[in-house]
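> Listed below, chain by chain, are the residues.
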Amino acid sequence: MNALSSPAIAVRTNDLGKTYGKGEGMVHALKGVNFEALCGELLMIVGPSGCGKTTLLSVICGTLGHDTGSVVVFGQDLEELSPGKLTAFRGKNVGFVFQQFNLIPTWTALDNVTVPLLLNGATQIEARAAAAELLREVGLAEKLDVLPTQLSGGQQQRVAIARALVHRPRLLICDEPTAALDAASGRKVLELIRERVCSPERCVIVVTHDSRIFPFADRIAEMEDGQVKAIHTAGEWKSHYV
Amino acid sequence: MLRLALKMLFGDRAKYGMLVCGLSFCALLMSQQTSVFCGLLLWTTATVRNIRVPIWVADAKVEQVNEVVSMREIEVQRVRSVPGVQWAVPLYWGIQQARLPDGTFQAIQLTGLDGSSLVGRPAVMRAGRVEDLRLPNAVIVDQVAISKFAKRGIRLKIGTVFEINDKEARVVGICETQRSFLGQPYVFTTYSRALEYAPPQRKLLSFVLVQPKPGQDVATLVRRISDLGGLRAFEGEAFGWGTLMWYVKNTGIPISFGTVVLLGLVVGVAIAGQTFYLFVHENMRFLAALKAMGATFGILAKMVLLQAFTVGFIGYGTGVGLAALFGNLVLQKGEPPFYMPWQILVFTGGVILVICSLSAAVGLIKIARTEAAMVFK
Numbered sequence: 002m003n004a005l006s007s008p009a010i011a012v013r014t015n016d017l018g019k020t021y022g023k024g025e026g027m028v029h030a031l032k033g034v035n036f037e038a039l040c041g042e043l044l045m046i047v048g049p050s051g052c053g054k055t056t057l058l059s060v061i062c063g064t065l066g067h068d069t070g071s072v073v074v075f076g077q078d079l080e081e082l083s084p085g086k087l088t089a090f091r092g093k094n095v096g097f098v099f100q101q102f103n104l105i106p107t108w109t110a111l112d113n114v115t116v117p118l119l120l121n122g123a124t125q126i127e128a129r130a131a132a133a134e135l136l137r138e139v140g141l142a143e144k145l146d147v148l149p150t151q152l153s154g155g156q157q158q159r160v161a162i163a164r165a166l167v168h169r170p171r172l173l174i175c176d177e178p179t180a181a182l183d184a185a186s187g188r189k190v191l192e193l194i195r196e197r198v199c200s201p202e203r204c205v206i207v208v209t210h211d212s213r214i215f216p217f218a219d220r221i222a223e224m225e226d227g228q229v230k231a232i233h234t235a236g237e238w239k240s241h242y243v
Numbered sequence: 030m031l032r033l034a035l036k037m038l039f040g041d042r043a044k045y046g047m048l049v050c051g052l053s054f055c056a057l058l059m060s061q062q063t064s065v066f067c068g069l070l071l072w073t074t075a076t077v078r079n080i081r082v083p084i085w086v087a088d089a090k091v092e093q094v095n096e097v098v099s100m101r102e103i104e105v106q107r108v109r110s111v112p113g114v115q116w117a118v119p120l121y122w123g124i125q126q127a128r129l130p131d132g133t134f135q136a137i138q139l140t141g142l143d144g145s146s147l148v149g150r151p152a153v154m155r156a157g158r159v160e161d162l163r164l165p166n167a168v169i170v171d172q173v174a175i176s177k178f179a180k181r182g183i184r185l186k187i188g189t190v191f192e193i194n195d196k197e198a199r200v201v202g203i204c205e206t207q208r209s210f211l212g213q214p215y216v217f218t219t220y221s222r223a224l225e226y227a228p229p230q231r232k233l234l235s236f237v238l239v240q241p242k243p244g245q246d247v248a249t250l251v252r253r254i255s256d257l258g259g260l261r262a263f264e265g266e267a268f269g270w271g272t273l274m275w276y277v278k279n280t281g282i283p284i285s286f287g288t289v290v291l292l293g294l295v296v297g298v299a300i301a302g303q304t305f306y307l308f309v310h311e312n313m314r315f316l317a318a319l320k321a322m323g324a325t326f327g328i329l330a331k332m333v334l335l336q337a338f339t340v341g342f343i344g345y346g347t348g349v350g351l352a353a354l355f356g357n358l359v360l361q362k363g364e365p366p367f368y369m370p371w372q373i374l375v376f377t378g379g380v381i382l383v384i385c386s387l388s389a390a391v392g393l394i395k396i397a398r399t400e401a402a403m404v405f406k
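Protein chains in written order, with the working numbering: chain A, 2 to 243; chain B, 30 to 406.
Derived from the structure by calculation, the hints contain no laboratory data. Warning: the hint list may mix true and false statements.
Stated by the list, open to error - Capping the alpha-carbon separation at 27 Å, the derived lysine-lysine pairs in DSS-like fashion look like this:
#, chain 1, residue 1, chain 2, residue 2
1, A, Lys86, B, Lys180
2, B, Lys395, A, Lys93
3, A, Lys86, B, Lys362
4, B, Lys395, B, Lys36
5, B, Lys196, A, Lys93
6, A, Lys32, A, Lys230
7, B, Lys196, A, Lys23
8, B, Lys180, B, Lys196
9, A, Lys93, B, Lys362
10, B, Lys180, B, Lys362
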């Protein structure tokens, strides 16, 4: 494994291609995507529905295979990993924040946050202690034993963020993290991500439609029709589109 | 993760309840019905177990103990003449009508024992002495007679007098017997008195009971007696099993009970299988999220199997527990028949295990086919 050979680059894709279906029904979701996400930055991927954002996100984090090209995450070509090693790599290096939170409703907030640690081999006691500490840090000290259904949308997303960060992943993948939240809650979530996650050794990739959170990005990758059309800095984006 | 898997299961109370109810019902139906079936079959061999002798000799056409083809008295002498026979005694066994003091009738299983040896005597006496059977008009009745007569307001006790075919029968003892297939009470008397109670017939000998000499191979003796011609000898235990199998082959009892057991299996598979599939299906998004977060198929499989076998274990325990409770209640009453050997518990457990395995397998196939990427959709 040639991990960390290029530490400044967290994610690099080369001519990444992905199709769905066969024959006449074939859809080219990704058509030779080339881009890099750097350590220490918060990169947003934006674009219209169906342009391939979610597919790109799925391929980058290794939950979906690709047809052509390559994806290198922290120096590791994902294609070189067996399914088992890919799962282990993802479990160790990637944190997820989902649009619908995907918190297991019958588990308490604390239980949900312990999951990545337990999957990485931590004991129940270690996992619960670390999860409790992180939940306190994100302002949910009083909600450790509360079920997700008893939390507001913003609180649920904070639990989801705690779950994504508890095992200290180097790559945080956020899929529409503010889509189910009101403006204030969405802003708080992005503030939390910037405050808690953005550090020189970590990279955050956010797929979003929500233009209200664009100012939190370091760079914005604009996708269209399965390709990354352009990558802007937040300032460039503001001057172009606002 | 396994603790959390159980929390996931118990947290979905509706499905958890449905699963436990379905599996409990299935286990109850199967264990209770098979126990009643076994109890019923056991009743068919009651006479063999009450009389307890090494060798039974009957007419050559007899296939099972409840089927009596009367023989000539001389057959006892013929059997005694066979080398290897220690002793051979006659047994009368037939259904007669007892006329109770209030004028009503009760069918009884009249059993006439050899008067000198009293071979085949009741194993357990609740009151009185077996030897008193040698007194005039003496009979010993069993616990079934007590309860049957009690239903008509007659309290049977030593000294009670009733009639069998217009002849006096005086109770000199009360014994405990294995209940007969037809549910009639056993009334023991001597062979000679049984012939007086029975309506006159040319042949009245039901069975010849045989004890082999010490060291005599029982199977060989059985063959020798059968070779006499016109007679058929059975080893005691084999006679019981032969009787049992006769009922299995020649009556609709197994089909009747088998249908109910099958129904239990179908209900179990349908309710538990479908509910568990729904449980997995509804949690698929979360399971996919776990997959994305690094849960291997092995971890998810362990979680699903634990969930399936947990509901299976609870359902099984509840079901067989209720069946045992039912059995305890009916055994106190004496009917319907109920016998729950360990094999029934293993059989029911095996079926529940299969149902849970199938349910889990369906869920696991779904998990295996689901890509972690579905969490982004």
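> Look at each hint and say if it fits the structure.
Tested hints:
no. : hint                : in the structure
1   : A:Lys86 x B:Lys180  : violated, 76 Å
2   : B:Lys395 x A:Lys93  : holds, 25 Å
3   : A:Lys86 x B:Lys362  : violated, 65 Å
4   : B:Lys395 x B:Lys36  : holds, 21 Å
5   : B:Lys196 x A:Lys93  : violated, 94 Å
6   : A:Lys32 x A:Lys230  : holds, 11 Å
7   : B:Lys196 x A:Lys23  : violated, 95 Å
8   : B:Lys180 x B:Lys196 : holds, 23 Å
9   : A:Lys93 x B:Lys362  : violated, 65 Å
10  : B:Lys180 x B:Lys362 : holds, 13 Å
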